[in-house]
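Chemist: Taken in sequence, the protein lines are chains A and B.
Using numbering that gives the first Met the number 0, the first residue of the first sequence is number 0, and each one after it goes up by one.
Using numbering that gives the first Met the number 0, the first residue of the second sequence is number 0, and each one after it goes up by one.
No wet-lab data here; the hints were simulated from the structure.
Treat each hint with caution, since some may be false.
[Stated by the list, open to error] From the derived model, a few chain B residues whose C-beta atoms are all more than 10 Å from chain A:
#1 Tyr20
#2 Arg141
#3 Glu161
#4 Pro459
[Unchecked claim] Residues from chain B shown here face chain A by an in silico Cβ test under 10 Å; the list is partial:
#5 Thr190
#6 Gly683
#7 Pro727
#8 Ala771
Given the structure is predicted, the values throughout are model-derived calculations rather than measurements.
For every residue, glycine included, the Cβ atom is placed at its ideal position computed from N, Cα and C.
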Amino acid sequence: MQVPAQFEYARAQSVSHALSLLDRYGPEARVVAGGHSLIPMMKLRLAQPEALIDINDLSELSRIEVEGGELVIGALVRHAELLASAPATGLFPIFQDAERVIADPIVRNRGTVGGSLCQGDPSEDLSAVFAALRATAIIEGGDGRRSVPIRDFHEGPYETAVQAGELLIELRVPATPGTGSAYVKVERRVGDWAVAAAGAVLSVAGGVIERAGIGLTAVGAEHFCAPEAEEYLTGREPGEEAFAEAGRIAAEHCSPQPDQRGPADYKRHLAAELTARALRTAMERI
Amino acid sequence: MSFGRMHRKEDARFIRGRGNYVDDVRLPGMLHGAILRSPHAHARILSIDTSAAEAHPKVRAVITGQTLAGLNLAWMPTLSNDVQAVLATDKVRFQGQEVAFVVAEDAYSARDALELIEVDYEPLDAVVDARRALDEDSPVIRDDLEGRTSNRIFDWEAGDRERTDAIFAGAEVTINQDMIYPRVHPAPLETCGAVADFDKVTGKLTVWCPTQAPHAHRTLYALVAGLPEHKIRVISPDIGGGFGGKVGIYPGYVCAIVGSIVTGRPVKWMEDRSENLMATAFARDYHMSGEVAATRDGVIQAIRVKVLADHGAFNGTAQPTKFPAGFFHVFTGSYDLQAAHCEVTGVYTNKAPGGVAYACSFRVTEAVYLVERLIDVLAAELGLDPAELRLRNLLKPDQFPYTSPTGWEYDSGDYIKTMRMAMDIAGYDKLRAEQADKRARGELMGIGISFFTEAVGAGPRKHMDILGLGMADGAELRVHPTGKAVLRVSCQSQGQGHETTFAQIVGHELGIPADDVEVVHGDTDQTPFGLGTYGSRSTPVSGAATAIVARKVRERARLVAAAMLECSPDDLDWQIDESAEGRAGSWAVRGDPASRKSMQEIALAAHSALELPDGVEGHLDAVTVYNPPNLTYPFGAYICVVDVDPGTGQVKVRRFVAVDDCGVRINPMIVEGQIHGGLADGVGMALMQVMAFDEEGNHLGASFMDYLLPTSMECPSWELGETVTPSPHHPLGAKGVGESATVGSPPAVVNAVVDALAPYGIRHADMPLTPANVWRVIQGDPFRTDLAIP
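Extracted from the complex, chain B is given alone in its bound form (with noise of 0.2 Å):
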């Protein structure tokens, strides 16, 4: 078996402690740089005194936004084409905001040094609640801006405006509802950091950073800081966990290059726990107003959306150029609808830029939770099942391709039988009846439903680049004479397995052992270009990529077979034999099988003394570059139980069972790792999490006091099941799956809440479901969870 369950051959390392974090590297000579950070939401700096800091014996320098000025690198563009402060220079505008750096002999001076730095502030009225943002009163964030007299980012629509509203107008049943889809963070374990080595006799800067794109950071880094590319190598380490938020370039990576290069040294910096929950790229903060409209049979028709989303003090969402709400207009979901429309007006508010980050494939999360959150409030105004009304609008396998309203083209699904293997596994009808006889007693049970169909694998990049790079990936696959392999690919891992999975889809079509396959990620110097590994693009892109070379290999494999066997290569089959070896694959004549050469055979042959024919080159090895056709469409149908203490507003994740299917799966073992971690995500969210900040713009969950990460004890032992409807387009069928459960989750949990209040009357309530929360909701008195608590 080439696909199939096999041990991730990376955690022979991990699990011994092995592993190679940018913390672990070590260089002669290395300094230690440490930020000092704004304790105000918004202020004016009137002066930065740094002398005292100078002054401390173990300083080496201390880099303010006036040093970066003097080298014009006090800016710098964010992923949206907008432009964030490295150092503050004229105003501070986020709590946590860097406004100067320090480099010393070790961490704790450099920590030191920070406390000897005088900084005096003039604080202004901070912008905290994105719904006043555009208020005419509210102080303008961005004055940097030339000409910008507002809060306003962008206003963006999709859909067909017209035909909505007409279908609204004659609607017979219509619902709305707003919710918020609250700040949180990815909070990956390893936090964010860089060592970075600039050689003045070389000139090469080599920077170690645990980035999810290394090969974009490489090029930016190149365009901002007019270092040539060719001098610039990004070595991607192990990395401990990503989730999104280490796509970006954060100013403390800008500030260890330039430490470097002032001091002549090494320098290394590490930021702590809340400084990266304060300052480093947060996911969703939408505040989202929808509705349905629908026959009174259950048809849905349309779907109409406003949003509001919160973009912080710096647009820098990492989405493509095009879509400045990422891809939130697949919120139709699911379901056959007539028409969509969809607006979205981003502001700034005083609080870190980011915006994409956490597992949620260019805001369909925020997509997936608004409809399944919209479905339900249908149901209960139409008095149906919301399994019931899911299973009478969702499309039909003969539908696909299908063409959204909003412009997507879905490449294939089987909903249906999705939905009733989710429903099946759950015992949906007698969770149902047991449902009822606790409600009879007076005890508050649940069960919450969500059908989510993603769009990952971004993209053709005719529509999708981010800055101007398009986002096909690269690959390269050598052969060595005792046929070992090589690949090399531009993504990067953080912990998805890809030296596992990618050295499969090598062993699955060279015929040749998975161990034998050696996966070279991380590092610019080593691998192709391309542009890494976020919105579940991996498998659907690289994974490609890595399918395409092969064959590219297997084929010029077939010509010297053929010089080996002295036939012409339209003679020669492939031929795959299952063994309980493994897979061997050998190129074989014709009517005679027992003439064939295995690829270890040829790889020998292809490095020898064998004679080729002409045009035909020796050795083993190609090179390709993947751009995919169209984005890949995962799908999954996921039931969740709670059961709801009404004393103490307290949730129990009872149970959870999540069907995916996401296309044809390379290694079952780790597609359900990531499921089971994407629902925990979603546990997180949906109970826990939310990072909300008070009048003043502090941040009140800046360390994991504050912010919770679920675990094991919150999280039910997952049920799942699986279908397989594969990509059409895709090489191996695959579709992508690393941020499929963080999508689906939250809608199913907050809808098995918001079904055990129903006996309240109870038709929504915003996450997170903190006992606090719910209380409050089942009183009919909620609070807005993105701000403080009154």
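Pulled out of the complex, with its shape left as it was, chain A reads as follows (with noise of 0.2 Å):
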């Protein structure tokens, strides 16, 4: 039986009531929300926090509206409930594509955006995702709300911008119209990590392509973006040529590592072959 060392527990009622819980228990308290990274990892003694702050009750951070020209997404939304979001998804069927193959049902009934996004796993899909919408990162701490566009949030493998005694409050996405967007993952099995994945946003504009974003998932992306070969598609026509040469530029940028799920070739080749394949898909649904 796999049972965790002993910690700390407390209930947070209210975004203040958390920061407050997490400036008394100090930096070696975790913030739980659906629990699917940190609890395995406390099981199996690979994290050993002091305390947990459970913000399951922060219904303010439940939410997913359009808000002023953007997607708000709460960060205790649960995957499930974005996957179901005609709203989000309507926008963006790359949130559809995305969470369809995150895990399992069990999984994506408790798993929170917010929590998959801290916890920074290089292998994690919704960080490419909102990396290919260039989405801002709202986060909460003591000296109040700052704003983190979501290229700066990720610092390293289980690194973020979210310091100790801050909250991840939401995810903003500009709600632009008309553009397409799609997510590719190859996994050995549904719901293992990906063993790569590659998330497009397109719009095009006079017959050329307007911006385009790419997010990369665990091929070793800075930022899981590829601005390289975002550049280089933007005012390109649209075509099988010129996502294929994205593609093989995305691929070139990134530093994979080789695992048991496969080869360093293999994940570049990946990475280049999604990408193409997300551009395509996310072409024709423009």
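Taking the hints as your guide, dock the two standalone chains into a single complex.
Modeler: Now the structure itself:
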């Protein structure tokens, strides 16, 4: 039987209460929401936080709304809720593509968007999705709220811009109509972490690509994105040739690590292949 | 209908969450144990300091190898007459090996205290690659064994070398192929564990433990621990899957027993998932090199095989003593060969011991994979359709009973009929036409065939024993006065539905409803001796014992009926009336069928004041021991259809047709369930499962994030068919089916994927066929699937 080490537990009643609890328990406290990354790590004793601050009662963090030209996704939104959200998936089908292949329905019922991002796992799917969408993370701490572009959010594997004593509140995505988006993932089995995955967001004006967003999962892409490939696509006519070249550029700039999911050359190949496929599907959806 | 579809009697408790597993056992005053395991694959133990753990306020005992050495229990025999460390004293020999055992008031404290034990290790080079185990400079793992100077465990051969070599020398066509059947794990959802309760007053030891072989465990505890066998009771409660992984005795069981003896209180030990994957019995790990000699027109003449078998750090394979490679020499498969020969070398490596678990019927899995892959390689060489090549070489019905070139006597078979049925269900010719169209468009579609013959139901005691215990099984049957029966059997269900199937057998033989039969199993104080459930032996052995003991009772009932009807027993005929209510049996006077006594009437009379003739005992019960005259040989034809994405290497199993012939089916629903499960297992092994190790011997598959179980999403809707060729020597004509699909399906999937990749000139790819593996195979640059991916 896997049993965690001893820890304190406190249930937050509001964001301000959560922040005061974080302050009280100090840097060895962790926020728990869905618990689907943290609890297994605690049971394996890879993580031994001194306290858990439970934020499951913070319903103000559970909203999915379009507000002031932005799609707002609260940090406590469950994967299943995002998957089922017509406003979110209607604007950006990339959410549906990605959420369908995140873990399994049981995990999706409980796991949260904010938890996924804050875990900062290099194989986590939503990080690439929000990177492709150029989202903004809203973080609150003792000094109030601040905005962090998602491409500055991840500072390295398992490291994010959320500092001790802070809480991720929500993600904001510019609700630009007329975009196409898609996410493509290769996994060894349904529910597995990605061997590699790619997300793409495209908008086209006057027959050329106005703006491209490319997110990459599990291939060692800095900040989960591919700015060189995006730049290559901007102003270019969309099509197979451009997408393949964008894939090639994206692959060139990532640095995948070999593991039992695959060797580095294969993951690099997938970065190219899946980028092209995601771009193709995104284009079809415009 | 006594044989036929019937809902499983045991499911009423399982679907209500009312099963009783070992972790549900809670005894008053029970303590909890936890095992400290080695982080190293190979290291010398310099010192162990348990003082801080002992000082933990909730710890009641800390047991090390030294403690056990004082009781002469530091080492225990394995199922292959080797010894295995219970807790390491000198060295650790695989990552996850048991080093110390903590007993505490609760599971949390036991686990906390593990972190307080300090072990000083001197790391040694690890032997990870079986192919390097016999190198001159390879470290000797088993320096505990006197005179051991290498990692060689055994060399073993079967078949006729000279005859085989002569055929190869003159053959028109020969092919050869190296292949790995990687190390996999049975991964039952219920991990292993035990509750041990030693009563100091009575001297009785009771062990609850999910064992597939409770009686063998009891005898081994008696032999190893020196406890009197009549003072040991092994209770195997409901089991959440075994697949062979719960046959042997694990160090944790012994530790729980010692913990209870030392503390005087019951001790529970439950391993976690990672412990289960790292330290309990693995399966396969066979490195095989096979050759086929054939004529140019596709007549297979001989097969020659060399195997390197990785047995891990202790030789713990559960197989009959005479057969160190199990039944691997059944590798000639379903084909009519002139000669065959195999050589198997077993080696020690720094990996967990075990070696036959996971539904393999004693290495038949490896044998079937080998021959079915070789046939496809030969078909590619000859430019023949693999179905056609099989049809040309399958044994014909008139060849049975058939003695194989390696000495097996196949009991019965009608292979071509089964093969044709599978091809018909699949629409084989249409599939090939579709494949041709797809290939013309550059799409990758593959069709894979496997035809397997298994050797199960071990076995005749004169040839087969485990640690000297013959592989025969007992049964006891009592019919109570109201005609309700209790059957006691030595085998133990891990989900196979014995409580239903065996009740159906009794019902069939006695002419009473299966619902009127209670099956008692899994408790050594309640059941007769026998070797248990593995190797698909329950129905072939215990099922036969059940039929025979029921027939004995029926004959006793005849004597009672004769007394009731005041006639000679010889004047009675057994009569069965089938009706909507079920099957009713009675003894009736020949020529006067109205004069009859039902089994219920006879049962009451047998316990009544009725005057019985001299020599006729009252009551209605019997015992028997069944020693099978031969193994049974189930077979089947499987066809798998896959689509492969050349850009990503992803494999999609689109269809799977399985036609099984396991002889007479007692409960077809249960049989089909077993086949469904085995097919899913096979898809898992073929596509995603492997326990690989890095250079230091770190286990790279020690959680379900790393070691993948297939889900319904990877499985197509299985398309089943059946043929029935009864076993001529089994009292019911049944053959056993538990492992058939696990044995037969991996080669079908692999053959399908390799067939899909044929446009690239590919003839082989090792399991598991993960996307990365398939893509690299397409690039012509495959990696070793059993090692860390570089």
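Chemist: For B:Tyr20, is the shortest beta carbon distance to chain A beyond 10 Å?
Modeler: 12 Å, holds
Chemist: Would the stated hint for B:Pro727 survive a check requiring a Cβ distance to chain A of less than 10 Å?
Modeler: 43 Å, violated
Chemist: Please check whether B:Ala771 passes as an interface residue: C-beta within 10 Å of a C-beta belonging to chain A.
Modeler: 3 Å, holds
Chemist: Decide, holds or violated, for the assertion that all CB atoms of chain A are farther than 10 Å from the CB of B:Glu161.
Modeler: 44 Å, holds
Chemist: Would the hint on B:Thr190 stand, with a C-beta cut-off of 10 Å toward chain A?
Modeler: 8 Å, holds
Chemist: With a cut-off of 10 Å, does the beta carbon of B:Gly683 approach a beta carbon of chain A closely enough for the hint to hold?
Modeler: At 9 Å from the nearest chain A Cβ, B:Gly683 passes the 10 Å test, so the hint holds.
Chemist: Hey, does B:Arg141 actually stay past 10 Å from chain A on C-beta?
Modeler: Holds, because the least Cβ-Cβ distance between B:Arg141 and chain A comes to about 29 Å, which exceeds 10 Å.
Chemist: Beyond 10 Å from every Cβ of chain A: is that where the Cβ of B:Pro459 lies?
Modeler: With a cut-off of 10 Å, B:Pro459 remains clear of chain A, as the shortest Cβ separation is near 42 Å.
Checked against the numbered hints given earlier, this structure breaks only hint 7.
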